[in-house]
Amino acid sequence: MGELAPSIPPLPAAGGQGGANDTMSVKYAVLGLLVQRRGYGYDLVQRFEEQVGPAWQLNAGAIYVALDKLEQEGLVRPITGVDGEAPTTRRRTTRGAPRVIYEATVRGLERFEDWMATGSSRSPMREELHLKLALSQPRNLPRLIELTYEQEQACLERLEQHLGSASFDDLLASAQPWSAVASMMVRDAEIAHLQATVEWLRRIREAMRWLQEQPEALRPRA
Amino acid sequence: MTLLSLDGVTKRFARGYRELDALDGVVLDVERGDFVAIWGASRSGKTTLLRVAAGIEAPDEGRVTFDGRDLASLSRRARARLLLTDIGCVWQTGRITRGLSVLDHVALPRFKERSHAQARVDAHAVLERVGVAQSANARWHELTDGERTRVALAHALIRRPRLLLADEPTANLNMIEREQVLGVLRSVAEEAGVAIIMTAPDAPNLLQSHRLMSLDRGRLIKPRSEQRGALIEFPRATRRGGLGG
Numbered sequence: 001m002g003e004l005a006p007s008i009p010p011l012p013a014a015g016g017q018g019g020a021n022d023t024m025s026v027k028y029a030v031l032g033l034l035v036q037r038r039g040y041g042y043d044l045v046q047r048f049e050e051q052v053g054p055a056w057q058l059n060a061g062a063i064y065v066a067l068d069k070l071e072q073e074g075l076v077r078p079i080t081g082v083d084g085e086a087p088t089t090r091r092r093t094t095r096g097a098p099r100v101i102y103e104a105t106v107r108g109l110e111r112f113e114d115w116m117a118t119g120s121s122r123s124p125m126r127e128e129l130h131l132k133l134a135l136s137q138p139r140n141l142p143r144l145i146e147l148t149y150e151q152e153q154a155c156l157e158r159l160e161q162h163l164g165s166a167s168f169d170d171l172l173a174s175a176q177p178w179s180a181v182a183s184m185m186v187r188d189a190e191i192a193h194l195q196a197t198v199e200w201l202r203r204i205r206e207a208m209r210w211l212q213e214q215p216e217a218l219r220p221r222a
Numbered sequence: 001m002t003l004l005s006l007d008g009v010t011k012r013f014a015r016g017y018r019e020l021d022a023l024d025g026v027v028l029d030v031e032r033g034d035f036v037a038i039w040g041a042s043r044s045g046k047t048t049l050l051r052v053a054a055g056i057e058a059p060d061e062g063r064v065t066f067d068g069r070d071l072a073s074l075s076r077r078a079r080a081r082l083l084l085t086d087i088g089c090v091w092q093t094g095r096i097t098r099g100l101s102v103l104d105h106v107a108l109p110r111f112k113e114r115s116h117a118q119a120r121v122d123a124h125a126v127l128e129r130v131g132v133a134q135s136a137n138a139r140w141h142e143l144t145d146g147e148r149t150r151v152a153l154a155h156a157l158i159r160r161p162r163l164l165l166a167d168e169p170t171a172n173l174n175m176i177e178r179e180q181v182l183g184v185l186r187s188v189a190e191e192a193g194v195a196i197i198m199t200a201p202d203a204p205n206l207l208q209s210h211r212l213m214s215l216d217r218g219r220l221i222k223p224r225s226e227q228r229g230a231l232i233e234f235p236r237a238t239r240r241g242g243l244g245g
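Chains as they are written, first to last, in my numbering: chain R, 1 to 222; chain H, 1 to 245.
One should not assume that every hint holds.
Beta-carbon label-pair distances, calculated as ranges [as the list claims (entries may be wrong)]:
(1) R/Ile-145 with H/Ala-80: 36 to 46 Å
(2) H/Gln-134 with R/Ser-121: 22 to 32 Å
(3) H/Arg-139 with R/Ile-145: 27 to 37 Å
(4) R/Gly-119 with H/Thr-10: 47 to 57 Å
Chain R is nowhere near these chain H residues, computed Cβ spacing over 12 Å in every case [to be verified]:
(5) Thr-2
(6) Ser-135
(7) Glu-179
(8) Pro-204
Bear in mind the hints are in silico, worked out from the structure with no lab data behind them.
Idealized CB from N, CA, C, for every residue including glycine.
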């Protein structure tokens with residue numbers, strides 16, 4: 001972000017889930033949504049959910065944080081009232097309060113294009129189960145095997161959210177707009193991830209069962 | 001009303017000197033119009049589950065009930081009749097009768113009730129619906145694996161079963177063909193009220209169903225919404241309602 005970054009300290013990672021990287025990604029996503037068309041906070045939350053999907057598990061507050069940062073950096077600006085008066089302060093919760101509508105500035109548009117052109121970072125894989133596995137003892141095997149069943153169940157619950165949704169090859173076949181196809185591809189990433197996780201769970205379950213049946217394989221080396 | 005019910009079904013096989021639980025206390029209720037997809041790796045017990053549900057194999061423990069009748073209480077003849085009329089099956093090992101064309105093979109179950117000409121018209125319609133009408137005059141050895149699966153599906157559907165058991169009906173299909181077959185299954189469930197249990201090897205195959213669960217070493221894993229007393233209504237989107245095939 002270099003010279004354009006404001007001098008505010010980076011946000012602490014919220015609850016271990018997602019770090020500075022996620023915050024940065026959401027910032028650019030909000031900018032992208034405003035490049036598509038103008039919008040206000042809650043509208044952006046909804047459009048984010050719609051286009052990115054449930055897998056991101058967006059915290060709605062992150063949108064408002066992103067809007068603040070973008071405004072400070074001059075990448076978005078509130079739209080002035082029709083009569084030319086100064087923009088009202090943003091109201092987040094009160095129903096019926098005047099909403100502040102934002103639009104991307106020219107610099108915002110350029111910055112968004114820059115972001116599109118740069119490489120994409122990958123989030124680290126941080127699962128509690130991985131830690132439990134790494135720090136477990138052979139005596140924990142029965143519980144770990146049970147845990148793999150619980151995790152598989154959790155994966156099925158996530159997959160349920162995608163029941164009945166169009167698949168992207170289906171969309172391609174019926175010549176849908178790019179935005180619909182792109183959103184489906186993002187959803188497909190979660191489906192692929194869930195599938196890989198379930199396959200991994202089945203693999204380690206099989207391995208743990210095998211080890212359970214051959215206790216000599218688990219004896220500490222002399 | 002529950003059409004098919006598996007209650008604590010356990011099935012064991014001897015493999016060498018040890019016993020293997022092919023099914024381990026499976027509990028599953030399937031209603032009319034339900035489209036259930038079961039996800040499992042190979043040797044997870046998927047095929048055994050379908051064979052037990054069809055009454056082809058008897059469980060070692062537990063009960064299988066079809067339309068309120070305990071399958072174990074039926075004679076062999078009655079169970080065989082069920083397979084001809086009410087329960088349609090699609091197995092991966094299916095073959096068509098030697099020497100018959102695809103069209104005649106699919107029309108065969110209808111020859112008894114209808115004129116041959118009408119049975120062929122029906123068969124053609126079903127083949128069209130599953131997307132293999134172009135192979136109507138082909139012989140078995142001329143079909144690709146994907147076409148064979150779809151012919152087997154047409155053969156099962158032409159009897160208008162109340163329960164359809166399909167063992168990996170999307171195996172060997174490409175993505176577009178897979179969506180087409182899943183769309184047919186979904187519309188058969190939603191429009192004709194057929195109850196379907198389908199097995200699938202991976203996640204994308206599950207998503208056109210109404211309910212999904214997974215099977216591992218004979219143990220059925222269901223999402224929490226499947227637990228008794230769960231309040232979640234399953235999405236019965238009619239997005240594909242009009243899809244004829």
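Status of each hint after checking the structure:
1. Hint check: R/Ile-145 to H/Ala-80, Cβ distance near 41 Å, so the stated range 36 to 46 Å holds.
2. For the pair H/Gln-134 and R/Ser-121, the beta carbons lie near 48 Å from each other, so the given range of 22 to 32 Å is not met.
3. Separation of H/Arg-139 from R/Ile-145 is about 49 Å and departs from the stated range, judged on CB atoms against 27 to 37 Å.
4. A beta carbon spacing of about 53 Å between R/Gly-119 and H/Thr-10 agrees with the range 47 to 57 Å that was offered as a hint.
5. Chain R leaves H/Thr-2 outside its interface by the beta-carbon criterion, the shortest separation being 21 Å against a cut-off of 12 Å.
6. The beta carbon of H/Ser-135 sits about 21 Å from the closest Cβ of chain R, which is more than 12 Å, so the claim that it is off the interface holds.
7. Annotated as non-interface, H/Glu-179 brings its C-beta within 12 Å of a C-beta of chain R; the closest such distance is 5 Å.
8. Not every CB of chain R is more than 12 Å from the CB of H/Pro-204 (nearest about 6 Å), against its label as outside the interface.
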